[in-house]
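Undergrad: Sequence:
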Amino acid sequence: MLPSLPLLLALPFLMAVAVAAFPRSSRSTAAWLAALAPLGGLAILGWLTPAVMDGQVVRTLVPWLPQIGLDFALRLDGLAWMFAGMVLGIGALVVLYARYYLSSQDNAHRFYCYLLLFMGAMLGMVLSGNLLLLMVFWEMTSISSFLLIGFWSHRKDAREGARMALVITGGGGLALLGGVLLIGRIVGSFDLDVVLAAGEQIRSSALYPYALFLVLAGIFTKSAQFPFHFWLPHAMAAPTPVSAYLHSATMVKAGVFLLARLHPALAGSDLFFYTVSGIGALTLLIGAWNAIFQHDLKGLLAYSTISHLGLITLLFGLSTPMAVVAGVFHILNHATFKASLFMAAGIIDHETGTRDMRKLGGLRRLMPFTSALAIIASLAMAGIPLLNGFLSKEMLFAEALTAGGPGTMRTAVSIAALLAGVFGVAYSLRFVHDTFFGPGPHGLDRVPHEPPRWMKVPVEILVVICVAVGIAPALTVAPVLHAAAGSILGSAMPEYSLSVWHGFNLPLAMSAIGVVGGVALYFGLRRLINLHGVQNTATGRNVFHAQLDTVSALAMRLTNGIANGSLQRMLLGLVLVAITVAAAPYIANPASPNWTRPQSMPLLGWALWLVMMACAVATLRVYKQRLLAVLLVGGVGLMVSLTFVFLSAPDLALTQLLVEMVTLVLMLLGMNYLPAQSGPERPRWRKRRDAVIAIIAGAGLGALAYSAMTLPPNTMAGEMLARALPEAYGQNVVNVILVDFRGFDTFGEITVFGIAALVVHALLRRTRMAPEQIMPGPPIKLPVPADLAQIMFPLTLTVSIFLFLRGHNAPGGGFIAGLVLAVPLLIQYVIQGTASVESRFGFDYIRCIGMGLLIALLSGSASMLFGVPFLTSGHLDLHLPLIGEVPLASAIGFDIGVYLVVFGGAMLMLSMMGTVKPSRTRTARRGEIDLQRRSARTGEMH
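0 is the number of the first residue of the sequence shown in numbering that gives the first Met the number 0; add one for each residue after it.
These are calculated hints, taken from the structure and not from any lab test.
Fair warning: there could be bad hints in the mix.
Label-pair ranges, simulated between beta-carbon atoms [said to hold, decoys possible]:
id, residue 1, residue 2, range
1, Phe436, Leu864, 55 to 65 Å
2, Glu718, Arg805, 22 to 32 Å
3, Ala473, Leu60, 52 to 62 Å
Every value quoted in this text rests on a predicted model; they were computed, and no experiment measured them.
Even glycine gets a Cβ: it sits at the ideal position worked out from N, Cα and C.
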């Protein structure tokens, strides 16, 4: 049973890769591949249902980073089971609906990839058994929702809505991370079981108010609670399948899920009660009131979602056992009727070409079946009897009347609940009346008709659920509700009855008042004002953009003050910050270093250092002659490499030597775009200042290096030397550190290296620079060096493979081998030019980087299948005929990824330097740049 949870979580991501792997397949094939994820997930969930219904908690635990309390822990209890069922069930319906909603111009494969990523992120969040792991998937939901909201990137409103959602929810995510870290500090663990059992300990801590407010900030931003609610209506620029999924089972439900999940740990204090219930009540009323005056179908539904999320938040804020049950119940009810309503709105938009209710009306005659489905779902949203929304609304009224706290609080909550009932009926009535009744439609460019048969199926299924739950709740939803609410309340689970009729009581009277008052309010507003003429002001959007513009202006001023194009100033700031950070510990705790007496150095060592210093000093003397200065700097690097050889560090020597070779080629390529003459001399005082700073930095770095080299042998280095062979199966300790002991660091480094290469590619692929001087005539042909460079390639390829294969037990490895392979190609780029080299070799360096990162990730993750942490090494001795015994460590797979990323990244950056073209303009080719009309960097017209 245990491996089923990782498979359940992995299915959406695997299917996303499958959809992306077949970009030329038909839209139906992409839809079927995408549907396999939720359908397969539902099958696994169904297999686990008996255990969950028996009150068991299904767990899977794989140690990941136990030192910081981060384990890959998955946990399926009643609440997680309910949310996983919503994510997968509604996700399957959305996949089917999207197959018919998306136009032929939309990239269906990209859409399904984003949708499956979103689904996987939500599943990971609800299944997480560790708060840090939950944070990883929490942020993944923000990123994937950004991609989905901005799917129609050609539209300004989609780009703006996606950016707004990412900024608001991303900021809330940072606050949530702070709250999670505080909870971990209070409890001493990030394990969810430990945290949920430590409610008293958390609430009695002095850090509780800070942790609570940080966690609530993350919850309120995600679930669009006041004052962060304004981003949700602007997210309606997304395709309607996204809106249906985002509002019903994902994204905005992530916040209320976390509120329910952490309820046992955080609830039970006055601070929680007043804050959560107060914000929930405000959001409930603000969302409901604004929904009445919207003209866009999806806009009305968006504000109604804000209101219903406020209702759920209010119920969890009240914190009584029955309020928690009502909150969980309304999460389920809202998911069904809101998903069906958004899909119905999408059908109307699809068939009429508009969502503007001022142009609609009378659709019951043209689209009778869709109209019937949407009307039933609207009545469920309004809380009409015999539909599911009525049951949870009555629970709200009952809990409002018995709310804790002073009498004024009970009165305020009751009034807020009653007003919300009135407003809910009013906006539901407007949705129905303005869309399906009355005259119309008006000004459409097509004749509306019913959609394709299968496009209505998801709406039909959801509406049937609304009716079934409303008529027979005890037979349909009771077991789900009991399991989900029981996982939150535990032994405090109350006795309650799910039935349609509870007799004549005050909650029923409040429901009746809400219905009558809502009808009166809607038709009264129609009589008093012109609802179609109301101009909605986006106050939240305007405030958001004003703040964003202010922050951007401040950032621009700061950037212009620091990064004004002067590399000298940037380097000066970097060195000063490094000196300050390095010197701070010594200034705070002054202590003289305990240096041992240095060993005597042979004459060869002194000779190397003298040559190194001579090259460094000579560079300062001839810096105006750029080519000579580059060669002298290369001489310094060569002496450093020989020093590593002298100190018995062959791996470092090889790396240093190869880096010097690649850097030399980079500088030679870059010199083509530098002025022939150096700039004017700097003032003498600046030279003296720079000399002092350079001496301080160099002396400090030298002292740090000497301290590290004279440490006693019983340090971490000694431990790694002792553990390299028995635990990582490698005799080359340097390579073992890179691919095993600190493999996660290496993975991060190659990721950054690959990103840097892609950034260089993006910046230079369309850049045209205007060199100060271009040599006349065609390029000089160098046939002999070109032939030698071509002959060198097979030889260096052999050497590269040799160094790679021996890297785990002798000097070499993926990093060195990748640079060795890059050097002969770089020489050919310099001698023969980019076009000649790429016409013969045709390397796709971008794909090489991607493949390298993927191989590194998969090889590192493979160890987790055996129940051991990421990048744990395994070992195998192969006995091959003729060759004999060949020892293999599993780290070689990770090293292959390093090899490909280093080679691809280095070649991509350096080849792009060789493909930057002179400007097309004649004056720019002559080096004449009009600063009033042309870019000072590219020479192109402004």
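Undergrad: All the hints need checking, so say for each whether the structure fits it.
TA: Outcome of the hint check:
1. Phe436 <-> Leu864: 55 to 65 Å: With a Cβ separation near 59 Å, Phe436 and Leu864 satisfy 55 to 65 Å, so the hint holds.
2. Glu718 <-> Arg805: 22 to 32 Å: At 24 Å between Cβs, range holds.
3. Ala473 <-> Leu60: 52 to 62 Å: violated, 36 Å
In this structure, the one hint that does not hold is number 3.
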